[in-house]
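For reference, each letter of the sequence shown is one residue, going 1 to 480 in the working numbering.
Since the hints were derived computationally from the structure, they do not count as laboratory data. Be aware that a few hints might be false.
Per label pair, the in silico range of CB-to-CB distance [said to hold, decoys possible]:
hint: 1; residue 1: His-314; residue 2: Arg-275; range: 29 to 35 Å
hint: 2; residue 1: Val-25; residue 2: Arg-214; range: 35 to 41 Å
hint: 3; residue 1: Ala-30; residue 2: Pro-298; range: 15 to 21 Å
hint: 4; residue 1: Asp-202; residue 2: Pro-404; range: 25 to 31 Å
hint: 5; residue 1: Tyr-321; residue 2: Asp-54; range: 31 to 37 Å
hint: 6; residue 1: Gly-249; residue 2: Leu-272; range: 26 to 32 Å
hint: 7; residue 1: Gly-117; residue 2: Leu-380; range: 47 to 53 Å
hint: 8; residue 1: Ala-100; residue 2: Gly-249; range: 54 to 60 Å
hint: 9; residue 1: Asp-202; residue 2: Lys-379; range: 18 to 24 Å
hint: 10; residue 1: Lys-163; residue 2: Asp-414; range: 44 to 50 Å
hint: 11; residue 1: Asp-65; residue 2: Ala-100; range: 19 to 25 Å
hint: 12; residue 1: Ala-375; residue 2: Leu-97; range: 28 to 34 Å
hint: 13; residue 1: Gly-134; residue 2: Val-328; range: 26 to 32 Å
Below are the BS3-like pairs computed for lysine-lysine, each with C-alpha atoms no more than 30 Å apart in a straight line [unchecked claim]:
hint: 14; residue 1: Lys-187; residue 2: Lys-422
hint: 15; residue 1: Lys-379; residue 2: Lys-183
hint: 16; residue 1: Lys-422; residue 2: Lys-436
hint: 17; residue 1: Lys-422; residue 2: Lys-379
hint: 18; residue 1: Lys-379; residue 2: Lys-273
hint: 19; residue 1: Lys-183; residue 2: Lys-163
hint: 20; residue 1: Lys-163; residue 2: Lys-187
Think of the CB as a built atom: it goes at the ideal place given N, C-alpha and C, for glycine as much as any other residue.
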Amino acid sequence: MRSHLLNDATAEQYRRSVTEGVERVAARIATTDRPFTGVAVDALSPRIDEIDLDRPLHDTAAVLDELEDVYLRDAVYFHHPRYLAHLNCPVVIPAVLGEAVLSAVNSSLDTWDQSAGGTLIERKLIDWTAARIGLGPAADGVFTSGGTQSNLQALLLAREEAKTENLADLRVFASEVSHFSVKKSAKLLGLGPDAVVSIPVDHDKRMQTVALARELERCAQDGLVPMAVVATSGTTDFGSIDPLPEIAGLCEQYGVWMHVDAAYGCGLLASLKYRDRLTGIERADSVTVDYHKSFFQPVSSSAVLVRDAATLRHATYHAEYLNPRRMVQERIPNQVDKSLQTTRRFDALKLWMTLRVMGADGIGQLFDEVCDLAAEGWKLLAADPRFDVVVEPSLSTLVFRYIPAAVTDPAEIDRANLYARKALFASGDAVVAGTKVAGRHYLKFTLLNPETTTADIAAVLDLIAGHAEQYLGESLDRAS
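The task is simple: from the sequences and hints, build the whole structure.
Here it is in structure tokens:
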């Protein structure tokens, strides 16, 4: 079995195996004509269930053939221009090359003696991102597994900086459309069930700062401790950006930690046209960025940044076998001192390769294209009497629903939209997401592919309308 270990003796076998795998994936991508095959769970499950993992095939080609059957053929392909559902982006080739390199070398980014240059590359990228945000010379941060972990770590730091022993007194303020990880983090951090105060949003789904000021004042009057305000730059459902300068002013007035969840909106950091939409983010105490959303990176690639590097000490734990205190005195850089994780992939390499090949302007141009596309899509929806569109996009998300002319029952319209989404997914012709607005079912386009066109959007809208009309026609037939 040693023949399968990657080392100097098996380098040629490694080259052949990886090349064969890459060729399979390339062939599949080149011939994929829709984002999904429409395979049902009941059809795919038996094919996987019948595989005996205790009986290996002992042949790479045979395993790749099997993988075609159980995965590659029916995978959901985000590179297809009619994948319009979740915050999954098509990936750029330099980043995929970085993924291949980091997987083979298998550095772990916890300590210097496991990564060396990898440590310095990650630190350079953190400095680059912090400078793009404008956090100042004392800023620092660390790569994470994703926005949920980044938000958790930021709120951990905020909890410790609040300097109170009674966790039940702590309050976190976030808009009613903020990411669920805010409430999840509060629970994981041992805060009380009422810890997260939901702030209403305006017509554009942005946090109402008047309401935030009122809640901060109430918190002070009740003798509670305002731990953090979470401003969102790119909400998951609407792509809305909270009014950062006004929120920053309130945080400074009340002495509250300001965290900006820019997991989605971080693409604006590289934008050539829309960078001003993030004005105010430079005043944050911490920021979440997800490069695997709007920097066109493979999952996972995220980071949490802080204005004051000293606050990262709240995540530090010294272990004699790993990062003893003497290493700090010897100025040996160990990233585990900043991270919630110990073993950690060298995901920073993907962004490094992307910047070195494409440059930040190349990333920004791609993100600007999808923002422009969303603006055109909004015009299509606003002019189409078949649809109700919720808000004009700040980023690249459109939330809407089909409104039939002859049906007025909101529950029946809900069912028609749900049916249309499911039918579209089952057909494999396109993939769209869904959400709720004021308790009603809506559909969602998350546009992250610059290859998607307004013609694609128009075609998918026609498909949605067709499926909804089919459902309503059948519904009327059943009723009669």
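- Measuring from beta carbon to beta carbon, are His-314 and Arg-275 in 29 to 35 Å? Hint holds: Cβ distance 31 Å, inside 29 to 35 Å.
- Verify the proposed pairing of Lys-183 with Lys-163, using a straight-line Cα cut of 30 Å. Holds. Lys-183 to Lys-163 sits at ~20 Å (cutoff 30 Å).
- Query: For the pair Gly-249 and Leu-272, does the Cβ-Cβ distance stay inside 26 to 32 Å?
  - Reply: For Gly-249 and Leu-272 the Cβ distance comes to about 28 Å; the hint holds.
- Keeping to a limit of 30 Å between CA atoms, is the pair of Lys-422 and Lys-379 held or broken? Holds, at roughly 25 Å.
- Task: Given the hint of 18 to 24 Å, check if Asp-202 and Lys-379 actually sit that far apart at their C-beta atoms.
- Result: The hint (18 to 24 Å, Cβ to Cβ) holds, given that Asp-202 and Lys-379 are roughly 22 Å apart.
- Evaluate the given range 35 to 41 Å for the C-beta pair formed by Val-25 and Arg-214. Given range 35 to 41 Å: violated, Cβ gap about 54 Å.
- Are the Cα atoms of Lys-187 and Lys-422 separated by 30 Å or less? 33 Å, violated
- Message: If I claimed the Cβ atoms of Asp-202 and Pro-404 lie 25 to 31 Å apart, would that claim hold in this structure?
- Response: Because 29 Å falls inside the window, the suggested range holds.
- Query: Is it true that Gly-134 and Val-328 lie within 26 to 32 Å of each other by Cβ?
  - Reply: Given a distance of about 28 Å, which is inside 26 to 32 Å, the answer is holds.
- Item | Cβ separation of Ala-100 and Gly-249, checked against the hinted range 54 to 60 Å | 46 Å, violated
- Hint says 19 to 25 Å; check whether the CB-CB distance for Asp-65 and Ala-100 agrees. The hint (19 to 25 Å, Cβ to Cβ) holds, given that Asp-65 and Ala-100 are roughly 22 Å apart.
- Restraint check for Lys-379 with Lys-183, where alpha carbons must lie at most 30 Å apart: Since the Cα atoms of Lys-379 and Lys-183 sit roughly 35 Å apart, the hinted pair is violated (cutoff 30 Å).
Going down the numbered hints, you'll see the structure goes against 2, 8, 14 and 15, while the others check out.
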